[in-house]
Amino acid sequence: MSGHGTPIPMISTPCGPLSGVAEVPGDKSISHRSLILGAMAVGETVVTGLLEGEDVLDTAKAMRAFGAEVIRDDDGTWHVHGVGVGGFAEPDQVIDCGNSGTGVRLIMGAAATSPISVTYTGDASLNKRPMARVTDPLALFGCQAVGRSGGRLPMTLVGAAEPVPVRYQVPVPSAQVKSAVLLAGLCAPGQTVVIEKEATRDHTERMLAGFGAEITTEETDEGRVITLTGQPELTPQVIAVPRDPSSAAFPVCAALITPGSDVLVPGIGLNPTRAGLFTTLQEMGADLTYENQREEGGEPVADLRAKYSPDMKGIDVPPARAASMIDEYPVLSVVAANATGVTNMTGVKELRVKESDRIEAMATGLRACGVTVEDGPDWWRVTGQGPGTVSGGATCASHLDHRIAMSFMVLGMSTRQPVRVDDGTPIATSFPIFEPLMAQLGADVRREA
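Using this note's numbering, the letters of the sequence shown correspond one by one to residues 1341 to 1789.
One or more hints might be untrue.
Keeping only pairs whose Cα atoms sit at most 25 Å apart, straight-line, the calculated SDA-like set for lysine to any residue is [claimed, not checked]:
#1 Lys1647 / Gln1633
#2 Lys1401 / Pro1576
#3 Lys1537 / Thr1686
#4 Lys1647 / Gly1681
#5 Lys1653 / Gly1638
#6 Lys1653 / Pro1727
Ranges between beta-carbon positions, derived for each pair [unchecked claim]:
#7 Thr1735 / Gly1490: 39 to 45 Å
#8 Lys1653 / Asp1413: 26 to 32 Å
#9 Ala1479 / Lys1537: 34 to 40 Å
#10 Gln1484 / Glu1384: 29 to 35 Å
#11 Glu1631 / Arg1492: 23 to 29 Å
Hints are computed from structural coordinates only; laboratory data are not their basis.
Built from N, CA and C at the ideal position, the CB exists for glycine as well.
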């Protein structure tokens, strides 16, 4: 499936038990960062397990445009020959980041403190998303942004010729903003400091340390204070990308709501800043266990076993957990529709400015399938009537959002009637093997002619 092609309607039909091993793709967040930091190191970084979805492939193209050599072997191993911190060349063409908010914001940060001009664009969805949350702190380094009204793509960033270090408190929990500032700080002299009141995914900090940057994290009364010393020489790494917990969410949640299911999802990254969904599911009463817990490449990893869980109850999801599961709320709402009682989700306004307004998209589709959903600017609640009670039978809009499309495909596995989405092409941005993987487990998910 192509996230940039002609819309492809998809249908998910109620199915029997799901069973088997679901080998989901590599972690998207770590894949982006592996390519970007590999391009900023001196020498060859070798990456295995890279997610080869469109979002990450667009980042690979961007790194080539900046002068790095990025090569894929036939066995799926990637080699990045970096140009060093401050070594980015000015691209000859516009940098098209497709559907990827993570990709464009991290790349903007990495290039913002080099004396080059770069024009960024994306697909229809990405070009609607706000970029000021990144360009505002990048301006503190001396970077200038010229774009559409409202701070949206297409946009040209003129990098700072003489960048200065900054101290920046992130106004809303956002790993993308934090990471953009830290990557910009690599080319600035002195110490760049980022303060976040609520912890967000820390892959950038972990990976910067792995590449040899001097970076510290301290818990203070202000919050989490991250200090990076600029202008290091990054050392190339050998990186094994763990499997993506956000992608694992779909076969896990499908197994929990489909009668008789027993699915093993191996090698999932369980970084505590990413594992909020699995904690929430266990609190709801899900039969979800961690097996073979271990550490790989500085990240906690385990195999997840998910079994059909007919006794799940609605809960109040703590708002402090939102940052650790922000991408998983759409599929959580599908589980909530099959649980008994009310699931309250608060502190989630970030969902309004993702690839789509994810609260609105899921609420509209769930209501069309017979589920009671209420929502507000920063909250939503789903009232479930228990297993097997969702009628389905609707065609739901994906809004060019991969997680919306996959969530409704999971919903259709346990509804009384099939569930359709108007366009399944965005799925390829993060989970290009979603359709065959789910079919292998026993799901009936397919494209409609």
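Quick check: does the Cβ-Cβ distance between Lys1653 and Asp1413 fall within 26 to 32 Å? violated, 48 Å
Does Gly1681 sit within 25 Å of Lys1647, going by the straight-line distance between their CA atoms? holds, 20 Å
Within 39 to 45 Å: is that where the Cβ-Cβ distance between Thr1735 and Gly1490 falls? violated, 31 Å
Does the structure keep Lys1653 and Gly1638 at a Cα separation of 25 Å or less? At roughly 34 Å apart (the allowed maximum being 25 Å), Gly1638 and Lys1653 break the hint.
Has the given pair, Lys1653 with Pro1727, been kept, meaning a C-alpha gap of at most 25 Å? Distance of about 11 Å is within 25 Å: holds.
Given the hinted pair Lys1647 and Gln1633, is their Cα-Cα distance within 25 Å? Roughly 18 Å separates the two Cα atoms, so the pair holds.
Supplied distance hint 23 to 29 Å, evaluated on CB atoms of Glu1631 and Arg1492: The hint (23 to 29 Å, Cβ to Cβ) is violated, given that Glu1631 and Arg1492 are roughly 44 Å apart.
Does 34 to 40 Å hold as the CB distance between Ala1479 and Lys1537, or does it fail? violated, 22 Å
For the hint 29 to 35 Å, verify it against the beta carbon of Gln1484 and that of Glu1384. holds, 34 Å
Taking 25 Å as the top limit, are the C-alpha atoms of Lys1401 and Pro1576 close enough? Distance ~19 Å between Lys1401 and Pro1576 Cα, so the pair holds.
Within 25 Å, alpha carbon to alpha carbon, are Lys1537 and Thr1686? holds, 17 Å
Checked against the numbered hints listed earlier, the structure breaks hints 5, 7, 8, 9 and 11; every other hint is satisfied.
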